[in-house]
Amino acid sequence: MSRLSVADVEVGTELPERVFPVTRADLVRYAGASGDFNPIHWNERVATEVGLPGVIAHGMFTMALASRVVTDWAGDPGALVEYHVRFGRPVLVPDDGVGGEVTVRGRVAALLDGDRARVDLTVTSHGDKVLSLARAIVALA
Amino acid sequence: MALDQELVGRSYPPSAVYEVGRGKIAEFASAIGADDPVHRDADAARAAGYADVIAPPTFAIVLTLEAANVVLEDPQVSLDYSRVVHGEQRFTHHRPIRAGDRLVATTTIEAVRSVAGNDMLTTRVDVATEGGEAVCSATSMLVARGLS
Numbered sequence: 275m276s277r278l279s280v281a282d283v284e285v286g287t288e289l290p291e292r293v294f295p296v297t298r299a300d301l302v303r304y305a306g307a308s309g310d311f312n313p314i315h316w317n318e319r320v321a322t323e324v325g326l327p328g329v330i331a332h333g334m335f336t337m338a339l340a341s342r343v344v345t346d347w348a349g350d351p352g353a354l355v356e357y358h359v360r361f362g363r364p365v366l367v368p369d370d371g372v373g374g375e376v377t378v379r380g381r382v383a384a385l386l387d388g389d390r391a392r393v394d395l396t397v398t399s400h401g402d403k404v405l406s407l408a409r410a411i412v413a414l415a
Numbered sequence: 411m412a413l414d415q416e417l418v419g420r421s422y423p424p425s426a427v428y429e430v431g432r433g434k435i436a437e438f439a440s441a442i443g444a445d446d447p448v449h450r451d452a453d454a455a456r457a458a459g460y461a462d463v464i465a466p467p468t469f470a471i472v473l474t475l476e477a478a479n480v481v482l483e484d485p486q487v488s489l490d491y492s493r494v495v496h497g498e499q500r501f502t503h504h505r506p507i508r509a510g511d512r513l514v515a516t517t518t519i520e521a522v523r524s525v526a527g528n529d530m531l532t533t534r535v536d537v538a539t540e541g542g543e544a545v546c547s548a549t550s551m552l553v554a555r556g557l558s
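Chains as they are written, first to last, in the working numbering: chain F, 275 to 415; chain S, 411 to 558.
Hints are not guaranteed to be accurate.
[Claimed, not checked] Partial list, derived from the structure: chain F residues whose beta carbon lies under 7 Å from chain S:
id	residue
1	R303
2	Y304
3	A307
4	G333
5	A338
6	R342
7	P351
8	V355
9	E356
10	Y357
11	V359
12	R360
13	F361
These are computed hints drawn from the structure, not numbers from a lab. Heads up, the beta-carbon is just placed ideally off N, CA and C, and yes, glycines get one too.
Chain S extracted, bound-state conformation (with noise of 0.2 Å):
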């Protein structure tokens, strides 16, 4: 079924505040295999001119996969989940996400748009700290493949 194209724009109500720690930013880098020790040293990321140990570059996500979930369970955006696959991935940084910080993720529908049968949903997530101050982008470009 084709999305409609009235979803775009559309944006869903703040997540509840993400706290990040240092342990979690310390497991998602051993799990990618990241060993720079500013992911998990808080000295050597002051060394490196950060408040506190920074998180790697696809951290994000951790948040906002979860947040993005709101789109999904909008009952006005018919996407066959059991078919959709990962299409594309972005992530803009206006600065590292780091411990201690508490961030809250805001999803927009960004496009949508039907190309050969398939489904396609693009959703940005603002990710940004309880204070106000921009931290990172997500944008993921689902795709529901059509029943060929």
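Chain F with its partners taken away, still in its complex shape (with noise of 0.2 Å):
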């Protein structure tokens, strides 16, 4: 792939929407992966204890998910300069065989300075706003 150019972007520009599965064994490999071994990303018992719903995901994976979709559309997950988010409400992972869901749609809020732009993303989880203030600032080419 090779990285979006700023004349193929302009303020309102959709990125194509995208939903990510996400089951306990995502989560599991994803502790593994970060290092981030919280009990209530995979041990029920643990979440109901604390007072959660259940089995949760951690904000840091539905992060990771949501830039998939900044890095696929910008086409190099080298563009992606400045990533924020604040966690709301929890994604939540039932051992159903089905699991949870994260759904991830951008849009094109800003062109900035050198070749930069400004992404706005809305995530949700079964129509739940699940991270807010989530803005990605990618550089073009």
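Please dock the two separately framed chains into a single complex, following the hints provided.
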């Protein structure tokens, strides 16, 4: 892939929407890869003891899934130079053979100096907003 | 318990060197489903202009989560860790992390505040090469929910 050109982007450009299924196995794999072994991300008993409805995804896992929408669109994972999210509602990941889901939409909100664009992301799970103020600055070619 | 404003600006000694391996980058990329060859194939990475395979944009958390623990271990930081949730996260990249990097992480307390009984602690972890080249910064806001 090669990096998207600033000539192909304007304010209002929509990024392709993606729906990511999330299973318990995904959370276990992410725990191992990231080193975040907080049991609320894999142990139902601990999750409910601390008042959660059940096992939830790592916020950082949701943040990573959302980043893929931006980097796949930009054509280069190195294009994402700044990335911010606020964590809102958790992504529930039931152990029911189906799991949870994260839906990511993005839109170019501004063109910045230096061939950069700001992408605002809308990240939901079953219609609930799970990230807010989710913004990525992308360096374009 | 409210956090002391005097903590703002406090910086901790740099972490031990973290050497970035190709295998760890590939493992992290697989865990988040990122299938771009620049995460696994050094030739593809070079074709894209990188010296070696590059890490996905949130990979820095592998180092910075650990590095920021120095704050929670600081006896002057009275944060009830059992009530802590991750409130916000920001990454600023000067360049992508790549295999072969030897990185050190330096943690600074950027802000503390209390809102509606919740304590909020913002830490910034600056990641640089052993030689001093700035690579990225990770800013995390933690919220300790007050007993309501």
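Exercise. Of the hints stated earlier, which fail here?
Worked result: none
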